Amino acid sequence: MASTPSLRTLIVDDERLARRELRRLLEPHNDVTVVAEAANADEAEAALKEHDPDLLLLDVQMPGDSGFDLLERLDAVPHVVFVTAYDEYAIRAFEVNALDYLVKPVEPERLERAIETVQQRAAETTPHAVVSEGDESPQTLTADDQVFVKDGERCWFVQLADVRLFEAAGNYTRLYFDGEEPLIHRSLSYLENRLDPDRFFRASRQHILNLRWVDDVTPWSKGKLKATLEDGTEVELSRRRSRAFREQLSL
Amino acid sequence: MNRRYAYWVCQLGGWTAYSVMRVALSAFFQEVTWKRAITCLLLVGVGVLFTHVYRIVAKRQGWTKMSLRQLAPRVVGASLVVAFLLHVTMDGVGRYLLEFEAYDEIDSELGYLLVALVNGWFVIMVWSLIYFGVHYFWNYRKAEVDKWKLEARAETARLKALKLQLNPHFFFNSLNSVRALIAEDPDRAQRMVTRLARLLRNTLQVDDVKTVPLEEELSTVRTYLELESVRFEERLRYEISADEAALNRPVPFLLVQTLAENGIKHGVARRQEGGTITVEAQVEDGDLWIRVTNPGTLETEEGGTGLANARERLQLLFGEKASLTVQNADAATVEATVVLPARSEAGGTMIQDESRAAVAAPG
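For the protein sequence lines, the chains are R and P, in the order given. According to the working numbering, the first sequence is numbered sequentially starting from 1. According to the working numbering, the second sequence is numbered sequentially starting from 1.
Isolated chain P (complex conformation):
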């Protein structure tokens, strides 16, 4: 609404100023008659009308969003057309309706036409410069704002993902268990703090395009399950088994851990008698199969954001052929299955960074 108002103020104001200036200049060597006054008013009307049509066409053709290189030749051409139409109209009215005597004194009709065209063309070019210049400025400013918005949104998403990975419920419960263990079993408490630190470090290092060998991922999973069994005690049991051939295969970092975490959250933690988490990995026909089971039944697609996130990373790293499905294996078991095809090209980067190796080393 505001921009529309500004547009009309500029149109009317601009053309009136131009028109008045013309009459004022001509007053130096011509008498100002009522005919000239009418021409002046007419020029304002015709100028506004023609440039307004010009604007409608330009908008419809998407000129306001074009780059300068695309826009420049179009504006030059269009301005010439508008200038020609403007001249023909004004000239027609002047000659045949108002019957100015001045037209009788023209020596060369062609020369007169050329001068008038260049003159009008220049005026419309100025109009275009202002009009598209303002649009250019607006677009630039909007792009700038959009860029900041996008950056802010990406940052928020990153923070959310980190919080999700961190699993605050798990960490606070674990810290609580450690504090209780300090009095009961100091040795065990110390081991637990070490594991907690390792897991926390892993979580903070998580990167969307990072893969690790399955062996390393399973070691993280074991750390995690050991910590959870301090909390759940005899209620949590777990079995981890993997084929020799599977151990060196790359997997998305923390993928199996996410699945184990889901298994505990939806299976073990909800049952008074607890249950068993199993993790199995095999290579079948070149594909890596990882199965994680937990007790319980799947009511809906549980795990929501955690699973969706894992699936997204999986596809990002291993393409469309990789899959993650969660289903009821039998009446009392939920099974999450990951299939990772052998990667033809390296989509992500295999990182076994030194800092982590240093953590594992004693001393």
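Chain R extracted, bound-state conformation:
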């Protein structure tokens, strides 16, 4: 029991009594520490930046931005368990996308099970919350971090390690992972500034590669290189980036 590290938790709910109730339910859990509470998306964002929690207990319906909106605003998200009183639409979304959620009033047993699940996941990866800010001194997104992706009805928590390719699509970027290819509302250069450069390589104006997924790199034409990913996708490197790739390799 004592071996599991404490989950530093942020509670986000617009109702004071609901937050209090969650806190009370979490009291017997020695492996959970509530580090802060927030009543709306803006407060939540500030608290995420300040405390960098491991777990977010997130109410879906809030005045202003909803729980989903908050997650979409963030560059990277910690482990999330949704909480809702009764919202057929949200519950369908949770079921369809196999997301963790609790219904209010929260049953202690369910809460316990949800925390166990998060503990198991936390033992494997420790994603951090990364708040999107101006371009100066951005926080680095590592392969351990996860992003929240929402594409119409479907949504995912995607670990960056699983994304093999990022492809520019105007102001959006298409992510390729697990046979899915949804769009996120971030430009490719925005992502390039934040992604860990040792792991993610800008191949051209069009693409960023996850180097772990690269199977083979072969000379192409006129000094250019071509990368082949594990799934067989071929990505052409621009001439300038091919030079950079060779230099990086020789180091």
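Simulated from the structure, these hints should not be mistaken for lab results. Incorrect hints may have been included.
If you want the footprint, here are the derived chain P segments under chain R, 3+ residues with CB under 8 Å [said to hold, decoys possible]:
#, region
1, 179-191
2, 228-238
3, 246-252
Since this is a predicted model, take the numbers as computed values, not measurements. The beta-carbon is built from N, C-alpha and C at its ideal position, and this holds for glycine as well.
Please arrange chain P on chain R, whose structure you already have, making use of the hints.
Chain P in isolation, oriented as in the chain R frame:
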């Protein structure tokens, strides 16, 4: 497709059987010649043709959907006509094309005609009996199925309406708040449970044709708003005011509560700073005016099913002159207005049932 197939099988099968039977019977006292065989085939063709035309006419005139009383005289007449045409055709062919000698032995042409007509009429009547009988059976079965479908649909609609009235989001949130209050303020928690029970009972008693005096409806609204202010705390404020003259006027049960609920859902709950819900009731020129306002702006006709439902009940109880409108009162306020004309005749029943009085009484 299946019915069409069955129809043709019956037509051909029926007429062939009848025709063969005729020849077979006549074989007892007449020799079967090739002429008779041709007549037999001809009867099948002509029989099928004439009754088929009969069917087309009957279908076009909608006979298959008629009641037995309407149908019977038509069938009797039509059968006679078809029998006559059938006889004339067969007789003509027999006399002039096939030149049966038997025709020379007829004593009375009129008697022969009458016997043939009654005979043919009987056959077509049997045909009609089968044809319309099958239709009658089909219609009956379809009506039966439709009845069950309709009942099932009504039941589903009732359940949906109940769920809508119950407002599960509100109830689960309230239960959650009560649980939190039990530790923080047990007295308040107890009061909240009482109110929640009262509201739940009211909701379950909702009836489309029920009205209550405005005073009672406002008391329900107050209960509801008190519960919501436990949840929303300082974010929700409310004011309820009503003219003395308005208090005894009948209103559809839970109408004002539906409006207050909409005001919270679309106005207060969506704003971080919350807002004020106001409920006002006045009598103007004999009409009862109820106004419910909430902060916010109306983008579209919000509230969808809840409002549509309320409007429907309003019209059901108070007629076309009653109205429910929702609009922007100013840049930051949405106002729902209900106008209830004084009722000339009692459309619905005014119920102040004893069970509710008993709930209100202490003890």
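Item to check | Non-conforming hints, listed in increasing numerical order | outcome: 3
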